[in-house]
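Participant: Sequence:
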Amino acid sequence: TGELQLRSFCLICVIKFVQVIYCNLPLEKIRLRKPLDQKVAVGDMITYQTTSFIIINILDVGLASWGKESIFAVYTCLVQQLNSPNLSENYTTTQTELAYELNEQRNISRVGDIIYDENTGIWVQVNAILAIRYEDEKIYVKYEFDPIPEWSPKEISKLQDKRRLQLMKLVKHEQKR
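Counted the way the numbering used here counts, the sequence shown spans residues 98 to 274.
No wet-lab data here; the hints were simulated from the structure.
Within a straight-line C-alpha distance of at most 20 Å, the following computed SDA-like cross-link-like pairs (lysine to any residue) qualify:
(1) Lys136 with Asp157
(2) Lys255 with Ile152
(3) Lys235 with Arg207
(4) Lys131 with Asn154
(5) Lys255 with Val137
(6) Lys259 with Gly140
(7) Lys259 with Asp141
(8) Lys131 with Val171
(9) Lys131 with Ile153
(10) Lys165 with Asp134
(11) Lys239 with Asp214
(12) Lys235 with Leu195
(13) Lys131 with Ile155
(14) Lys239 with Ile205
(15) Lys136 with Ile152
(16) Lys131 with Ala161
(17) Lys136 with Val158
(18) Lys259 with Ile153
(19) Lys255 with Gly140
(20) Lys251 with Ser149
Build the full structure now, drawing on both the sequences and the hints.
Facilitator: If you want it as structure tokens, here you go:
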């Protein structure tokens, strides 16, 4: 779709209602299409080509139609690959100034946006726009970013155990008297 702005290093894959912007990173941005009666929540696990991911943030939701009768919810999510390294632990809140052409005003990130930082190789969230100035037919925006932390193996293990308990039901065996 024309809604996605893709960087040159990304590959789009569409399979079974999952669109993955696959960059071979611990955190990835995906799109899920689900029927309206199916819930999507932080902590849900999905599998794509034998790789398991956990949803750590829901970034956006919209509606899309598939044919005349079917309406789907389209979720844009940030997911973490299970058993992946924690790349964000080496980073802290950062400030930087980026230059934009005047005709690129729509590309300026907003507070709350979650974006991939190509310089560090991690996902960051825009905390603040600290300054904006116009100079030499350019717009200079000074941002403050926070790295998006990956979930720890302990958090993921706890969630997996909880999920297993929800799926498994024990049947009590009645004793004969």
